[in-house]
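**Q** If you're matching them up, the sequences are chains P and Z in order. Each residue of the first sequence is one higher than the last, beginning at 10 in the numbering used here. Each residue of the second sequence is one higher than the last, beginning at 10 in the numbering used here.
Keep in mind that the hints were calculated from the coordinates and are not lab data. Please note: incorrect hints may appear among the correct ones.
Derived lysine to aspartate or glutamate pairs resembling EDC-like cross-links, with alpha carbons at most 20 Å apart [what the hints assert, rightly or not]:
#1 Z:K73 / Z:E43
#2 Z:K73 / P:E68
#3 P:K73 / Z:E88
#4 Z:K73 / Z:D101
#5 P:K73 / P:D107
#6 P:K73 / P:E43
#7 Z:K73 / P:E88
#8 P:K73 / Z:E68
The lines below spell out each chain.
Number of protein chains: 2
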Amino acid sequence: MSRQIEIEEGWEVVGGAVNGGYLLARLAMAAAAEVPHPDPVTVTGHYLGPGRPGTATVEVTVHKVGAGHSTAGARLVQEGRPVLALLATFGDLTRVPDEDESTVAVPPVDESRPLTREEFAAAPEIVDRVSLRLDEECTGFLRGERGGRPEMAGWVRLDAATLPPAFRLLVAADAFPPTLFGLGEFGWVPTVELTVHCRRRPPEGWLRGEFRTRYVTGPYLEEDGELRDPRGRLLALSRQLALRPRGASPTAPR
Amino acid sequence: MSRQIEIEEGWEVVGGAVNGGYLLARLAMAAAAEVPHPDPVTVTGHYLGPGRPGTATVEVTVHKVGAGHSTAGARLVQEGRPVLALLATFGDLTRVPDEDESTVAVPPVDESRPLTREEFAAAPEIVDRVSLRLDEECTGFLRGERGGRPEMAGWVRLDAATLPPAFRLLVAADAFPPTLFGLGEFGWVPTVELTVHCRRRPPEGWLRGEFRTRYVTGPYLEEDGELRDPRGRLLALSRQLALRPRGASPTAPR
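Given these sequences and hints, build the entire structure.
**A** Here it is, written out as structure tokens:
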């Protein structure tokens with residue numbers, strides 16, 4: 010199955026490339042349209058090249074339609090260049106109970122610090138689509154501080170409501186500044202692979218995100234993330250394999 | 010590209026299905042054969058049905074061949090039934106330095122407890138291919154104990170040397186008893202998806218594995234793993250999305 014989709018304007022980050030989480034959500038939505046299960050349960054994307062606003066060709070291959078889950082692969086291509094390859098299993102997240110032991114205490118939204126367009130050197134378009142607040146201890150990079158921890162935490166809100174709730178989790182998982190900014194290590198941190206395990210459909214409004222890197226080995230590092238609702242219920246786990254910036258820069262692009 | 014491969018006998022677990030890590034390694038090897046980069050850097054498999062020893066059809070699609078990395082998708086089919094879908098990026102792990110901050114202290118191999126065929130109710134074939142030793146505090150399930158933690162840790166050794174070193178990490182990531190056995194919750198824990206980030210080629214001999222589950226939400230749980238060499242250097246991070254057993258059983262199959 011091959012068809013055209015439109016990548017909206019307004020999701021561009023530094024350099025004009027479209028945010029990887031938004032691309033992942035759009036490609037996952039295209040794959041979900043070919044199977045009977047509505048929600049992304051586990052989605053993996055491998056990033057092959059920058060995506061741009063405009064027309065894209067999407068190819069979907071359904072691998073299996075089962076009773077509780079369906080699995081499909083997909084590929085997004087623009088002007089003959091591969092942008093993103095995806096492998097995903099879909100299910101029904103309404104099967105997950107409202108309450109369980111995954112709930113933890115989270116700080117209130119209004120104790121975190123809103124980020125403005127002016128605070129980003131490159132003022133990427135995405136700041137009009139994604140509202141972000143960071144925990145105060147994660148904002149040192151805005152003042153050029155070095156030597157912190159490779160962690161980012163705060164709140165994200167996706168007011169562009171054209172994505173079904175569970176697919177917004179894929180965007181939220183890739184919406185925060187890189188964890189390496191917490192170290193004061195700036196630069197483009199390309200994502201090789203991003204996997205998101207969605208556990209619940211998120212509510213409207215603010216979502217809590219906490220991301221950290223434990224291991225940098227040569228060119229590779231992981232960013233492990235947890236997304237929660239304002240009550241602290243687990244919404245998703247994410248992990249990406251990223252590449253360390255080759256040259257460090259003292260400015261703070263996103 | 011479509012071709013036939015042989016799934017060896019001797020990797021069967023409970024019920025006669027072939028171990029998921031071995032299937033993942035074999036399918037990743039088939040994908041790697043089509044690209045110039047030798048090592049698996051990030052491999053995701055979605056499990057679609059049980060694999061059996063014997064002939065399998067493998068289809069590989071190369072998505073991108075880049076300077077440092079290549080990405081391919083692959084699918085394994087037996088007798089017309091889909092068994093495993095894979096998406097992987099390959100690179101060169103010899104670029105990763107020998108030493109870094111990912112090294113941690115690990116306990117000596119000889120303080121862990123060998124597992125014998127007799128200790129597994131179902132005596133799966135895989136115990137002849139994979140040697141396993143568990144930390145003493147993770148062996149309560151062998152005595153039918155309940156109420157521990159959802160953790161498994163110990164050592165694994167893959168004496169079947171037909172797999173190139175980095176691909177053995179994919180087997181090691183799926184070779185331990187389920188973390189839920191640590192709780193005394195027994196049963197088949199089907200893997201929906203398994204992603205392994207390989208950071209270094211492993212040495213011959215024993216590999217350290219530590220696995221834990223933090224969040225069980227409805228039918229879903231994650232198993233997060235770390236694989237290290239005997240010096241404690243990080244070899245790989247793994248995460249799988251698995252399904253909780255529907256019925257608990259007081260016996261301890263593997």
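**Q** It remains to establish, for every hint, whether it holds in the given structure.
**A** A quick look at each hint next to the structure:
Distance restraint check for K73 of chain Z and E43 of chain Z: the Cα-Cα separation of roughly 11 Å lies within the 20 Å cut-off, and the hinted pair is therefore satisfied. Straight-line distance between C-alpha atoms of K73 of chain Z and E68 of chain P comes to about 15 Å, which keeps the hinted pair within the 20 Å bound. Taken as a hint, the K73 of chain P and E88 of chain Z pair is honoured in the structure, with Cα atoms around 15 Å apart against an allowance of 20 Å. Simply put, K73 of chain Z and D101 of chain Z have alpha-carbon atoms about 15 Å apart, close enough for the 20 Å limit, and the pair holds.
Our distance criterion of 20 Å between C-alpha atoms is broken by K73 of chain P and D107 of chain P, whose separation comes to about 28 Å. For the given pair, K73 of chain P sits about 11 Å from E43 of chain P by alpha-carbon distance, which is consistent with the 20 Å threshold. With a CA separation close to 15 Å, the supplied pair K73 of chain Z and E88 of chain P stays within the 20 Å bound. Between K73 of chain P and E68 of chain Z the alpha-carbon distance is near 15 Å, which keeps this suggested pair within the 20 Å criterion.
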